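Full structure from sequences and hints, please.
There are 2 protein chains.
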Amino acid sequence: MTSDQRVTAAFIIIGNEILSGRTQDANLSFLAGRLGEIGIQVVEARVIPDVEQTIIDTVQRLSAQVDYVFTSGGIGPTHDDITADAVAKAFGTETFEDPEAVALLEAHYAAGEFNAARRKMARVPRSSTLLANPVSTAPGFRIGNVHVLAGVPKIMQAMVDMLLPGLTGGAVVESRTITVLIGESLIAPEMAAVENAHPGIDVGSYPYFKPGASGTSIVLRGADVEELERALADVTARLEARDIEIWTGDHK
Amino acid sequence: MTSDQRVTAAFIIIGNEILSGRTQDANLSFLAGRLGEIGIQVVEARVIPDVEQTIIDTVQRLSAQVDYVFTSGGIGPTHDDITADAVAKAFGTETFEDPEAVALLEAHYAAGEFNAARRKMARVPRSSTLLANPVSTAPGFRIGNVHVLAGVPKIMQAMVDMLLPGLTGGAVVESRTITVLIGESLIAPEMAAVENAHPGIDVGSYPYFKPGASGTSIVLRGADVEELERALADVTARLEARDIEIWTGDHK
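If you read the sequences in order, they're chains A and B. Numbered by the working numbering, the letters in the first sequence go through residues 1 to 252 in order. Numbered by the working numbering, the letters in the second sequence go through residues 1 to 252 in order.
Because the hints were derived from the structure by calculation, they are not lab data. Note that the structure is predicted; figures quoted are calculated from it, not measured. Glycine residues also receive a C-beta, built at the ideal position from the N, C-alpha and C atoms. Any given hint could turn out to be false.
What the hints assert, rightly or not - Computed from the model, here is a short list of chain B residues facing chain A with C-beta under 7 Å:
| no. | residue |
| --- | --- |
| 1 | Ser20 |
| 2 | Gln24 |
| 3 | Arg118 |
| 4 | Met191 |
| 5 | Ser205 |
Take a look at the structure:
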């Protein structure tokens, strides 16, 4: 389901291991790409520590600012997994052991292996809805507009793919990308002119540096595809008028 | 220079290309690692779009909350590079063409190549201090406690290494990591016991999944090295008592 409206999302990455530099987040680019395909734009992401009050404050603030909030991390079986309780408190409620989640986990583990730590993963906020985890079973949940997901990329990304059909997107922002083999400062006037001439089209320039092959990728983004194509033709003509070689596609 | 105090930092990643999913940030883990080595802890990171008011609000809020703020992105030569003006406004001032920056850039470019777009990179806020860029010359700047850096990882990271000696760190948080070849839920009681028995030591457990080699890395972190070593001995003894095989080091 889509509409013409702008639909926004925020992503809260919960985890000391990201803030300490131990682990590099790989979920933001995945989530932003998938949401973008159905017309939901990620307008902010925050990386915060495993600190209850910080989680509560961040969830409350962002859930009031955007249409959809997603969190990753902190819903596992150990003492440092505090996300479920913190998100419950952000909504003025508490967690309970959800019978449906218990049944899922009991069926998943071999007899005798559903221990107390694993049972903790069945605790979700009251009034929340379970979110399917096709990789390791332990569910996430949705409460209000907040979707609470695992942190491990393989699990998080599978959960996103499961829940996407249930979201309502807006206008899909499409992009067109070309690359030139010169620095961005040499084409700055052309890009500014294109941005000014095409309302609603965002013109980004991203220099890249590789041995023997530096250049600039020019990314045009907008929800109005006809305007987007006009902008692409415009920037192409302006660069060709200067005999600048143009490659199609994105180079990073 | 270091002290025993906790010294905190926040990182603001400015760029539509990160929020759209086009580009995956690689600077947070680098910055967090380098700052950690000198006793500065990154306590929050935010990814925000190239929107002036959002940059102003985020810089003002975070610069009041932490000891050091770092930004990446948006200081290049094109129309979408708005960070310098926005940060100036966050401090109630404006940008001007800094003669020292002009001189650096004039010396860097061949005769006739220091065009208007490149000249834009000499604009920094009044009352700011230039930050050296050993890769591509165009300087960053510091104003108040905010350090404004390039977004391209190679440039950003070289700028960080240049400015690090000028920062005042606090207590260095060290870490010790061991890995077990079983899931984290099977050792949850031991880890909770270790966290409770060793004040000031943060015990994190990070499951990893690889074909034929899943397991859990246990990361102990704390500024008190003696307590850290006691916690390491404690968790090791508890796992050995259960005949659990222990690997040294981190597995991801």
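Query raised in the report: Once the shortest beta carbon distance from B/Met191 to chain A is found, is it less than 7 Å?
Result: Holds - the Cβ of B/Met191 comes within 7 Å of chain A, reaching about 6 Å at its closest.
Query - When the least beta-carbon distance from B/Ser205 to chain A is tested against 7 Å, hint result - result: holds, 5 Å
Requested in this report: Have a go at the B/Arg118 hint: is there a Cβ in chain A nearer than 7 Å to its own Cβ?
Outcome: holds, 5 Å
Requested in this report: Against chain A, run the beta carbon of B/Gln24 and see if the smallest gap drops under 7 Å.
Outcome: With a closest approach of 4 Å, the B/Gln24 hint holds.
Requested in this report: May I ask you to test the interface hint for B/Ser20 with respect to chain A, counting a Cβ-Cβ separation under 7 Å as satisfied?
Outcome: holds, 6 Å
Hint check: no violations occur; every hint is consistent with the structure.
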